[in-house]
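Each chain, written out:
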Amino acid sequence: EADIYQTPRYLVIGTGKKITLECSQTMGHDKMYWYQQDPGMELHLIHYSYGVNSTEKGDLSSESTVSRIRTEHFPLTLESARPSHTSQYLCASSGRAGTGTGIITEAFFGQGTRLTVV
Amino acid sequence: AQKVTQAQTEISVVEKEDVTLDCVYETRDTTYYLFWYKQPPSGELVFLIRRNSFDEQNEISGRYSWNFQKSTSSFNFTITASQVVDSAVYFCALTAGGSYIPTFGRGTSLIVHP
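Chains A and B, in that order, are what the protein sequence lines are.
One point on numbering: in the working numbering, the residue at position 82 of the first sequence is 566, and numbering is uninterrupted.
One point on numbering: in the working numbering, the residue at position 89 of the second sequence is 106, and numbering is uninterrupted.
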C-alpha cells in the first residue's frame, strides 16, 4: 500500500481564490511529481522535484507553483484559481528500491485532488 | 527524448474475452524501466508491473500477462478471461536513463461488458 497522501480529495472553490493542494509521502523518496489529468485522459507533468530545494516545471505549462522544503512534503499552490484550472491533480513519488541498488521504483501515486473552480 | 505510444484509445469487449493492450516505447537509453498502471473510475493509479530493460522475461500474474520485446520496443499487456472489474483506463509508462521522470502513454480505456 502506497504511503503517499493528498488532501483535500475534492475541492470546489470560487474564481480568484488562492489554494494549496497538499502532498506528503512517508517513503523517504527524493523524487516527487505533480501531474494534471482530466478524467480518463492522459497525464500531464506540471512540476517535479529531485530533492529538497529542487523544483522544475514539467512539460505542461502551469500557473501553479510548488515548493520542496522537506523531503516528505511537496505542496502545489494556485495563487488565483480560474475555471480553466478545473481538473484532477495527482501527486507521485519515486526512489530507489533499497540501499545500494540501482533499481528505480515505480511511481507511487496519491489518491488525487479533484479541483473544481466555479 | 523518450516517448510512449498507446495507439488503442478505447477497447470494448464482452466478459470472458481475452484482450491485449499495446504499448510501444522510444528511448535512446540502454537502461530503462517500463510500467503498467490501472486507473479505475475512482481515479487513483494502481501500479501493476515494473520491468527493467535487462530483463526480457515475460511475466504472468493470475489473469494478467506481459510480453516485453526489445526487438520491437513493445511491452504489451494481456488480460485473459476479462471481467467487468477490469474496466478502467490502463497506462503504460517509461523511465529512462537518469531522469527518473515517468513518461506516460495516453492510456487505453478498457470497457468490459457483462
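To be clear, the hints were calculated from the coordinates, so they are not data collected in a lab.
Possibly wrong hints are sitting among the right ones.
Okay, derived cross-link-like pairs now, DSS-like style, lysine-lysine, Cα gap no bigger than 30 Å in a straight line [stated by the list, open to error]:
(1) B:Lys33 with A:Lys541
(2) B:Lys55 with A:Lys541
(3) B:Lys87 with B:Lys20
Fair warning: this is a prediction, and the values are worked out from it, not measured in the lab.
Verification of the hints:
1. B:Lys33 with A:Lys541: 44 Å, violated
2. B:Lys55 with A:Lys541: Status holds; Cα separation ~26 Å.
3. B:Lys87 with B:Lys20: Holds. Lys87 of chain B to Lys20 of chain B sits at ~15 Å (cutoff 30 Å).
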